[in-house]
Amino acid sequence: LTELMTNREYAAKIGQRPTGNARAESYRYPPIIRMRNTFFELGDHARDELFEGIKFGYYCGDFRGGQAQTNASFQVGIQEAYEIVDGELEKPVTDLSISGIATDSLFKIEGISKEPFDWEVGRCGKGQEAFVASGGPEIRFAAGGIIFGGRN
101 LTELMTNREY
111 AAKIGQRPTG
121 NARAESYRYP
131 PIIRMRNTFF
141 ELGDHARDEL
151 FEGIKFGYYC
161 GDFRGGQAQT
171 NASFQVGIQE
181 AYEIVDGELE
191 KPVTDLSISG
201 IATDSLFKIE
211 GISKEPFDWE
221 VGRCGKGQEA
231 FVASGGPEIR
241 FAAGGIIFGG
251 RN
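The sequence shown maps to residues 101 to 252 in the working numbering.
Do not take every clue at face value.
[Said to hold, decoys possible] Cut-off 20 Å, straight-line C-alpha distance, at most; resulting in silico cross-link-like pairs (EDC-like, lysine to aspartate or glutamate):
hint, residue 1, residue 2
1, 155, 190
2, 208, 103
3, 191, 162
4, 208, 149
5, 155, 186
6, 226, 125
7, 214, 149
8, 214, 144
9, 208, 144
10, 155, 238
11, 208, 238
12, 214, 141
13, 214, 148
14, 155, 183
15, 214, 188
16, 226, 149
17, 214, 152
18, 155, 210
19, 113, 103
20, 208, 148
21, 155, 188
22, 191, 238
23, 191, 180
24, 214, 238
25, 191, 152
26, 208, 125
27, 208, 152
[Claimed, not checked] Estimated spans, in silico, between C-beta atoms of each pair:
hint, residue 1, residue 2, range
28, 162, 247, 12 to 20 Å
29, 189, 115, 39 to 47 Å
30, 169, 221, 37 to 45 Å
31, 148, 116, 32 to 40 Å
32, 108, 179, 30 to 38 Å
33, 128, 156, 43 to 51 Å
34, 118, 154, 37 to 45 Å
Since the hints were made in silico from the structure, they are not lab data. Built from N, CA and C at the ideal position, the CB exists for glycine as well.
Let's have the full structure, built from the sequences with the hints guiding it.
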């Protein structure tokens with residue numbers, strides 16, 4: 101994490117340079133701080149290395165819909181997920197969501213895959229819509245980096 105998304109007003113409050121993240125759906129709406137296109141860079145781990153040593157965890161393969169708050173908390177619905185047991189992908193998991201504090205979670209990254217990745221186009225809501233894209237390689241988070249909720 102190198103900087104937070106800001107507009108001029110918020111940047112002045114926290115002593116950071118403005119990042120130009122205030123956008124509006126159209127001229128009818130005021131600009132608000134919002135998500136841009138978000139991508140993670142490739143890392144240096146083979147995909148299989150990310151599963152090594154995991155006694156129990158979750159693999160989240162596809163994300164659908166999410167929310168973020170100004171305190172950096174987030175919640176994201178998971179469309180495709182599997183249990184990881186002894187370093188191997190096992191049974192599918194349904195109705196799963198993840199949450200956490202983004203600024204904390206980013207410091208819990210233990211490894212990033214070097215495999216190419218797909219990206220998706222979506223929308224940033226916040227009462228007005230703006231098109232955004234996101235994507236990235238598979239990422240391994242340390243225990244406590246992400247909170248998992250839902251049911252099997």
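Okay, the hints, checked on the actual structure:
1. 155 - 190: 12 Å, holds
2. 208 - 103: The hint holds at about 17 Å.
3. 191 - 162: 16 Å, holds
4. 208 - 149: 17 Å, holds
5. 155 - 186: Given pair residue 155, residue 186 holds - Cα atoms ~4 Å apart, limit 20 Å.
6. 226 - 125: Roughly 10 Å between the alpha carbons, so the hint for residue 226 and residue 125 holds.
7. 214 - 149: Given that 20 Å is the threshold and the Cα spacing comes to 11 Å, the pair holds.
8. 214 - 144: 5 Å, holds
9. 208 - 144: 16 Å, holds
10. 155 - 238: It holds: about 18 Å lies between the C-alpha atoms, which stays within 20 Å.
11. 208 - 238: It holds: about 14 Å lies between the C-alpha atoms, which stays within 20 Å.
12. 214 - 141: Cα-Cα ~9 Å, so holds.
13. 214 - 148: 11 Å, holds
14. 155 - 183: Answer holds: residue 155 to residue 183 is near 10 Å, not above 20 Å.
15. 214 - 188: With Cα atoms ~19 Å apart, residue 214 and residue 188 stay inside 20 Å; holds.
16. 226 - 149: 38 Å, violated
17. 214 - 152: Holds - the C-alpha atoms of residue 152 and residue 214 are around 15 Å apart, at most 20 Å.
18. 155 - 210: 15 Å, holds
19. 113 - 103: Roughly 14 Å between the alpha carbons, so the hint for residue 113 and residue 103 holds.
20. 208 - 148: Status holds; Cα separation ~19 Å.
21. 155 - 188: Answer holds: residue 155 to residue 188 is near 9 Å, not above 20 Å.
22. 191 - 238: This hinted pair holds, its Cα atoms lying about 19 Å apart.
23. 191 - 180: Holds, because 11 Å separates the two Cα atoms, which is no more than 20 Å.
24. 214 - 238: 8 Å, holds
25. 191 - 152: 18 Å, holds
26. 208 - 125: It is violated: about 34 Å lies between the C-alpha atoms, which goes past 20 Å.
27. 208 - 152: At roughly 17 Å apart (the allowed maximum being 20 Å), residue 152 and residue 208 satisfy the hint.
28. 162 - 247: 12 to 20 Å: Given a distance of about 19 Å, which is inside 12 to 20 Å, the answer is holds.
29. 189 - 115: 39 to 47 Å: 44 Å, holds
30. 169 - 221: 37 to 45 Å: 23 Å, violated
31. 148 - 116: 32 to 40 Å: Given about 39 Å between the Cβ atoms, the range holds.
32. 108 - 179: 30 to 38 Å: 37 Å, holds
33. 128 - 156: 43 to 51 Å: 49 Å, holds
34. 118 - 154: 37 to 45 Å: For residue 118 and residue 154 the Cβ distance comes to about 40 Å; the hint holds.
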